[in-house]
Structure formats: structure tokens, C-alpha cells
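Trainee: Okay, here's what each chain looks like letter by letter:
There are 2 protein chains.
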Amino acid sequence: MAERMIVVGGDAAGMATAAQARRRRDRHDLEIVAFERGHFTSYSACGIPYWISGLVPDREQLVARDPATHREQFDIDVRIRHEVTAIDLDRREVLARDLDGGGEVRERFDTLMYAAGAVPIKPDWARSDMAGVFGVQTLDDGTALRQWLDAEPGPRRAVVVGGGYIGVEMAEALVLRGLSVTLVERGEQPMSTVDPDMARLVTEAMRGVGVDIRTGVRVIGLSERDGRVSGVETDTDPIPADLVVLGLGVRPNTALAEAAGLPLGPTGGIRVDRRMRVTGVPGVWAAGDCVETLHRVSGMPVHVPLGTHANKQGRVAGINIGGGYATFAGVIGTAVTKVCDLEVGRTGLREQEALAAGFEFVTVIAESTNRAGYYPGARPMTVKLIAERTSGRLLGAQIVGWSEAAKRIDTLAVALWNKMTVDDMTALDLGYAPPYAPVWDPVLVAARKAVDALAR
Amino acid sequence: MAERMIVVGGDAAGMATAAQARRRRDRHDLEIVAFERGHFTSYSACGIPYWISGLVPDREQLVARDPATHREQFDIDVRIRHEVTAIDLDRREVLARDLDGGGEVRERFDTLMYAAGAVPIKPDWARSDMAGVFGVQTLDDGTALRQWLDAEPGPRRAVVVGGGYIGVEMAEALVLRGLSVTLVERGEQPMSTVDPDMARLVTEAMRGVGVDIRTGVRVIGLSERDGRVSGVETDTDPIPADLVVLGLGVRPNTALAEAAGLPLGPTGGIRVDRRMRVTGVPGVWAAGDCVETLHRVSGMPVHVPLGTHANKQGRVAGINIGGGYATFAGVIGTAVTKVCDLEVGRTGLREQEALAAGFEFVTVIAESTNRAGYYPGARPMTVKLIAERTSGRLLGAQIVGWSEAAKRIDTLAVALWNKMTVDDMTALDLGYAPPYAPVWDPVLVAARKAVDALAR
Numbered sequence: 001m002a003e004r005m006i007v008v009g010g011d012a013a014g015m016a017t018a019a020q021a022r023r024r025r026d027r028h029d030l031e032i033v034a035f036e037r038g039h040f041t042s043y044s045a046c047g048i049p050y051w052i053s054g055l056v057p058d059r060e061q062l063v064a065r066d067p068a069t070h071r072e073q074f075d076i077d078v079r080i081r082h083e084v085t086a087i088d089l090d091r092r093e094v095l096a097r098d099l100d101g102g103g104e105v106r107e108r109f110d111t112l113m114y115a116a117g118a119v120p121i122k123p124d125w126a127r128s129d130m131a132g133v134f135g136v137q138t139l140d141d142g143t144a145l146r147q148w149l150d151a152e153p154g155p156r157r158a159v160v161v162g163g164g165y166i167g168v169e170m171a172e173a174l175v176l177r178g179l180s181v182t183l184v185e186r187g188e189q190p191m192s193t194v195d196p197d198m199a200r201l202v203t204e205a206m207r208g209v210g211v212d213i214r215t216g217v218r219v220i221g222l223s224e225r226d227g228r229v230s231g232v233e234t235d236t237d238p239i240p241a242d243l244v245v246l247g248l249g250v251r252p253n254t255a256l257a258e259a260a261g262l263p264l265g266p267t268g269g270i271r272v273d274r275r276m277r278v279t280g281v282p283g284v285w286a287a288g289d290c291v292e293t294l295h296r297v298s299g300m301p302v303h304v305p306l307g308t309h310a311n312k313q314g315r316v317a318g319i320n321i322g323g324g325y326a327t328f329a330g331v332i333g334t335a336v337t338k339v340c341d342l343e344v345g346r347t348g349l350r351e352q353e354a355l356a357a358g359f360e361f362v363t364v365i366a367e368s369t370n371r372a373g374y375y376p377g378a379r380p381m382t383v384k385l386i387a388e389r390t391s392g393r394l395l396g397a398q399i400v401g402w403s404e405a406a407k408r409i410d411t412l413a414v415a416l417w418n419k420m421t422v423d424d425m426t427a428l429d430l431g432y433a434p435p436y437a438p439v440w441d442p443v444l445v446a447a448r449k450a451v452d453a454l455a456r
Numbered sequence: 001m002a003e004r005m006i007v008v009g010g011d012a013a014g015m016a017t018a019a020q021a022r023r024r025r026d027r028h029d030l031e032i033v034a035f036e037r038g039h040f041t042s043y044s045a046c047g048i049p050y051w052i053s054g055l056v057p058d059r060e061q062l063v064a065r066d067p068a069t070h071r072e073q074f075d076i077d078v079r080i081r082h083e084v085t086a087i088d089l090d091r092r093e094v095l096a097r098d099l100d101g102g103g104e105v106r107e108r109f110d111t112l113m114y115a116a117g118a119v120p121i122k123p124d125w126a127r128s129d130m131a132g133v134f135g136v137q138t139l140d141d142g143t144a145l146r147q148w149l150d151a152e153p154g155p156r157r158a159v160v161v162g163g164g165y166i167g168v169e170m171a172e173a174l175v176l177r178g179l180s181v182t183l184v185e186r187g188e189q190p191m192s193t194v195d196p197d198m199a200r201l202v203t204e205a206m207r208g209v210g211v212d213i214r215t216g217v218r219v220i221g222l223s224e225r226d227g228r229v230s231g232v233e234t235d236t237d238p239i240p241a242d243l244v245v246l247g248l249g250v251r252p253n254t255a256l257a258e259a260a261g262l263p264l265g266p267t268g269g270i271r272v273d274r275r276m277r278v279t280g281v282p283g284v285w286a287a288g289d290c291v292e293t294l295h296r297v298s299g300m301p302v303h304v305p306l307g308t309h310a311n312k313q314g315r316v317a318g319i320n321i322g323g324g325y326a327t328f329a330g331v332i333g334t335a336v337t338k339v340c341d342l343e344v345g346r347t348g349l350r351e352q353e354a355l356a357a358g359f360e361f362v363t364v365i366a367e368s369t370n371r372a373g374y375y376p377g378a379r380p381m382t383v384k385l386i387a388e389r390t391s392g393r394l395l396g397a398q399i400v401g402w403s404e405a406a407k408r409i410d411t412l413a414v415a416l417w418n419k420m421t422v423d424d425m426t427a428l429d430l431g432y433a434p435p436y437a438p439v440w441d442p443v444l445v446a447a448r449k450a451v452d453a454l455a456r
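Here the protein sequences line up with chains A and B, keeping their order. The working numbering puts the first sequence at residues 1 to 456. The working numbering puts the second sequence at residues 1 to 456.
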């Protein structure tokens, strides 16, 4: 009899696991059943803002593999609109509710992959069922928001609460759709994923396209009229709104896991080992936005919900479940985003994180250009480096620029991954041609400046 | 009495040396005299094609620091239009000819920086003084070519001989100026700096903009009419031309050095140690396009004339001459270029070089896209990796793509610099967001494919 794997959650981590396992074991050896609460599998949640804005015309473009493809090409029994409601580790069973057809199914497993993703953080004031309030976590969320936008008459005034990646991207998307947009951020700056001195550039760019950014403002409630949202109440002035987008971040979706007794770490994510096995629970695996992972620079566990990690972790789990050997090496906090025409990249620790990890460090900010200064289209690029004071080792880097800036962070990410010192980095043989870089690449300019700072 | 340094050659390497030395020692401690044969100092030779095409409007934009700036801001006694004609190591003197004023000067030195650059390779047939034949090595060469193009009536039919970086860039520049352009390449493909399978994409792109590319054709002579070039004779058909550009590569400019007894290595470049001291010759330094350097992957000496190395080597020499400590770590062969709208990057060894170095390896070519497939502007990107068979270590990489492709080579260059294996590389935490990368970055896609190839 074939071994039986149940996958809880049909997005990146779960389906990458299933596909990798299938590559190594056919259906006579491993039967795979995947439960997905929503309507979609294997889609790009990161792409939702671009579909909302209209930049990506069709929702289906965001779906890498639909359920039919998983069934037909990979022999994976995908059941969408099925919400797993309980996991019984002793009986090796899951219970799932058919959200459309009604009724419950009970399915046996030998191997369980828990890939339930993350859920939006909702303060008490956001726990309402009034119309016009949206998270942007799943493609179903995005679909609901798109319908609200496309209705006649559509909303005109949007408030985005929270200035993280999703908040910033959604604010821009809504501006592109012609709405008047206010972004409310509790902290000093939106885009707190980079240091305030770098985030300031992002704030300026967003104001430049007309986003009304209110910082240091706390939302305390929503107001409604006829069951529809009519405004956001804050600790200062109320803000009228006929659309509210929640961008307050996410937390690991672990309700089911906790109930089943799976171990959680200090970040609230599920604890897994290097092979993505749930620590101490034989036959149970977890991957994606619901797990915590090792930060290679701080050495501490972190929760970094990001599609690229989910895919890598799923691949690792699937190789192992398939009988191979693979480990997930951890993360270093690399992230890139587009904010209006501004490109933002970061890797490693930002100042606050480096302090929290106990590092003593110097920081430098170097101004340069993306191309040779004389080459058409040359634009400013700002590179910030954080280097350990005694060793000179790179701890973190941030880039803000106007074009061809964001992905330069990868150069720094690989340097950081390899524990390079800023002194070593000044010697790096990077590509030089006038359309692509000044003769001293911005990364080298910053490394030289960091070497000088360390010598002081 | 101040120590006295003479710099032979006033471009990147020489002037970077002078500027760095000056940062650490003032003119009472170190007197600096720099001789430059041409009219310009510290200019971007790599930028010449873009000035020729008109993309960069003014020649002066290519000059990073003119002689007056060097004199006034750095107390460097720059003498342009002075050609050094002899170096006497015993008497610690150089002899220089004043090309404009006439006459000769004799100058004493304690320290000598030899930074005479490179000279174009000229077969016998190219050693002619007929009008309309140009190299593109110095800004004076570029100026002469620009004058030829700007004359009335200007040339209409150009032949570029040689399909290296400069040949390819010049062919495009001349097309942009409206000339009919033929590129003659002796080998199988132009752009032999990447493997033929990757160079083919470049050939196609160049043909797409109308360059007539003739491969496997050898030039054997030039024909003339009234002292002006009228055509190129080849081992097949003659090609009419009223402008010929030589792009046959360069060799280290070592005539003076050899006469003075400086040691040359197997590549024909001057032999220097890690601090850029000429091996075995006290008080004499060399840097830039005239020296040979260590290739960190093959372990062999190479001659890689490139502005970015010249600047780094000059900085290293200048720090040392200034009393500090710095070493040049060698190169890994990273290069990027723009060919029409195509972006080309390479690092490490190409197949032929890896064979010559004695490596046994696998190669993979992975097709991917620069952005998430659904994001507007997504274009194909082709990544080739070469990995050592037994260790899995990355030996070389090449990228060809249509936008945001070239500088991705830096990610691979840093991985290669750090001797990463392709297996390690699959774990790299690279930036992901739909405008900048698919969820599996092209670099990761290629690394995964290489891991699979190694397992076979």
C-alpha cells in the first residue's frame, strides 16, 4: 500500500513540497492529498498589488499552477475550498470541512506537511464584518478587494493602515487606480524594514505621487454607515474612507498546529529542523509562512513570511520526503520592493536589529549612481552598510535608488552570506561598463567608505 | 628634500596612484610629476563609443579629472602632451619629449609608477597612415574618429574589424549614427568573451539592428583612393568602406619598460607583486592595462585591460606608496557589456578557459525571466553556469538578457569569488519581488539545474 501524505495548505510551500516529493516517488509509492481553504493553489500573493492596480490585467496570471494541473500533471489530489479543522496526531488523521459542498471528510496520513501560511494581524478594532475593509493576504482577499473597487460607484477615498511592504505597495496600487490614498503609520516612517535614514527617501517618493502619509498616528477604530466603512478613527483626527486596507503585517497561522500539539518557537512560528521536520514530531513537516527559521547573521530564530523562502523550504521538505537529502540553510533578511519609481533593497540586519543581536558596528551611507555619471539615465543610488567594528564583517546593507538599484542588494547579500569583511569587499571584481555602473561600482564605493569608517 | 615620484601615463591607473599617494603624503613629503602623451587625464576610455554615437553629447563628460584639477586640488604636476621616451633605472631618471613645444626634459625620480596602458593590436596590414582608419584606445583616438564622422560629406560605409567588446560597441555606435556597418570577425562568432552558445544571441541582436556580420573572415589588407581608405580586403570578398575601425584587442604597452629592463610575464604584461611593485625592481611600481595579474580561478597570470582594475590597482599602489598597506587580490574575469538592447555579463572562466586551466566540469544553460513572468516588461534571461565536476564549485557564469540582466552577473561573481558550490548557491537569500525577479531568481534556477547536472 502506498504511503500517504496530507498537505495542509495549497500555496507555495505546500505545493512545492508535493511537487518535489512527486518527482522522486510516483503515486504507487506516495499518495498525496492537498487541502486548500481558498479557491486557488500555487499563486503569487506578492503579485496581488499589481493585479489590484491593473498593471497585471488578469488574476489568472498570478496562478503558477492551478488545481487541475496539480492533479493531471503531478497526480496530486488537490481539494480546494476544503478547510482542515483538526489534526489528530495519535490517529494520524485530519478532519476537513467542505466549504462549498458542506460536510466533513476525515483522511488518514502517514506523513503530514503543515503549510497553512500566515494570517493578517488584526487589532480588536479591525475585527469587524463591515463591508469595505480588506486584508491582502490571499488571492481570495485580493479578489474581494478588486470587486469592491470595480463596483459602481467605486470607492474614492482609501486608507491603508500600516506602512510595511504590503501597505506601501497597496497605497501605490490604489493611487494608480485613481483613488485618493492616505497611509497611516504608527511609527516614525513607513517602510521600517529599512533604517529611518533610508526610509525617508521612500516617504518622499510616496508623497511625490500624492499619497497622504500620516506618521506617528495610531488607528483606534473604524466608523461605518449602513454596514459599510465610512472612516478610520485615530488618536488624532478621524480620516474619512470608503475603503480600508489592512497592512499591519502577518503572523504564522498556527491555530491548528497548536491544537495538535506542534511546538512553536519564540517568534510564534512552528519549530522545524534543518530538513523542515517539525521538531520532535515524527512524520510531520512544516514549511513556509507558518514556520520560524534561522537568521544566519543574528543566529536567532525569525519569522520571515516571503514566497521565495516558502518555495525553497517546500523544495527542501519535498526532497527529504521523497527520500533525498536537503537542508534549508536559513535566511539573511534579503528583501526588495518597488515603491513608485523608487527601488528599495535590504539584506542582513538593520541598525536596530544589529543592536538587538548585540553587535557593535559602524554604519556608512555612500551616494553614487547606477550608471557612469555621463551615461544617459544615470540616477542617484544610496547604499548603506553596517559592519562589525572589530572584525569589519558586513552585517547589513540597504540600497535606495531610482533604477537598477534594488537587485544590486544581491551582490551584498552574497557577500554577507559568505561573511565577507568590507575590506575584502573593496577587492571584488564586479561588472563594469558605462551603461551599468560607474568605474567604482556603488557597492565598492560604500565598502571603501566603510573601511575608512572602521579605521577611525 | 621631498621624495619624488614620476608617473608615466596620466589615465586611470597612474592618476589613481597619484591621488591616493597624495591623500597620505603632502607635497612637502612627496613631489609628484605625471607625464601624459595625450591631451587628457583620468578619462573613461570605455565611454568613447557612447560619445561617438552621440548618446553622450560632450567629450568633456568623459573626463573625470582634467590636468588643472590634478594640479590645483592634488598638487600633482601633470604634463600633458609629454611622451616619456626612456627610463634610466640606474640614474633614476626619465626622458620625456614635449610633443607640442618641442624639446626634451629629463626628470629625476625616487619612485616610478609605470602606467603606460595598452596599445591596439595592429597586424601588418593595419600599419598604414591612410586616412579613415582608427583605433579606439585613447580619447585622442576617439577625437580623431569623431572628426572623421563629423566632416562633410561624412563616411557612409564603416567596417569594424574584430568582434570583441570594443568592436561590438563601436559597430552599434556607428549604426546609431546612421552608417551602414559591416563587422568582420575571424572566429566563429563576435563576442568571443562568452561561449559560442551565448554569443549567438549577441550575433542575432546585432543583425537585428542591421549590422552586417561576417564571421570566419580574415582581413588581409586595406585599399585606398587618394590617401583615404576605400575598402577592406579579406580572404573572401572585398568590402567597400570609407571608415575602418580596428577592434582587434590590445596588448600591454611595455616598449619603454622592456627597454629599461622591467620584467614581463608570460602574457606580455609587466610582472608585479600583490602590492603592485614591479617584481625585483626596488622603487618601481606598475598598474593598469600594462601589467599582468592573477586570475583567481585558474591561478594563472592574465592580462585584463579594464578601467575598473586599473583604478583598483592604482588605489592599491597609491596607498602603499603613501605609506599604507594594501594588496590587489587579482581578478575573476567579470565583464558586462551592452550590445544593442541586449545585456551580456560574464565572470570566471568560459568553457575554453576552464579546459585550458585543466578543470573537469559540467555546464548548464537555464532559461528564465528578469521579472515575475506576469509582471509587465518581463523578458527572457539566459544564465549559463560552469561547475567543477567533483567539487561542484562554480568556475564561471554567463548571462544574456534583454533588461536588468548584465549586472546580475555580480551576484554570481561574488559567489565565485567566495568559492561557492552550486549546491550552496541554491540556498542563497536573494531579493524577491515581482518587478525584479521570479520567485526563483534566474541565478537560483541555474544553480538548481547545475546541481541536477552534477548528480547525473
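The hints are simulated quantities; they were obtained by calculation from the structure and are not laboratory data. It is possible that part of the hints are untrue.
Stated by the list, open to error - Here are the simulated DSBU-like cross-link-like pairs (lysine-lysine), alpha carbons at most 30 Å apart as the crow flies:
#1 A:449 <-> B:122
#2 B:449 <-> B:338
#3 B:122 <-> A:419
#4 B:419 <-> B:449
#5 B:419 <-> B:338
#6 A:449 <-> A:419
#7 A:338 <-> A:419
#8 A:338 <-> B:338
#9 B:122 <-> B:449
#10 A:338 <-> A:449
#11 A:338 <-> A:122
#12 A:419 <-> B:419
#13 A:338 <-> B:449
#14 A:449 <-> B:449
Trainee: Confirm or reject each hint.
Mentor: We went through each hint and held it up to the structure:
1. A:449 <-> B:122: 42 Å, violated
2. B:449 <-> B:338: 26 Å, holds
3. B:122 <-> A:419: 46 Å, violated
4. B:419 <-> B:449: Holds - the C-alpha atoms of residue 449 of chain B and residue 419 of chain B are around 18 Å apart, at most 30 Å.
5. B:419 <-> B:338: 27 Å, holds
6. A:449 <-> A:419: With Cα atoms ~18 Å apart, residue 449 of chain A and residue 419 of chain A stay inside 30 Å; holds.
7. A:338 <-> A:419: Distance ~27 Å between residue 338 of chain A and residue 419 of chain A Cα, so the pair holds.
8. A:338 <-> B:338: 24 Å, holds
9. B:122 <-> B:449: Violated, because 43 Å separates the two Cα atoms, which is more than 30 Å.
10. A:338 <-> A:449: Holds, because 26 Å separates the two Cα atoms, which is no more than 30 Å.
11. A:338 <-> A:122: 25 Å, holds
12. A:419 <-> B:419: 13 Å, holds
13. A:338 <-> B:449: 29 Å, holds
14. A:449 <-> B:449: 38 Å, violated
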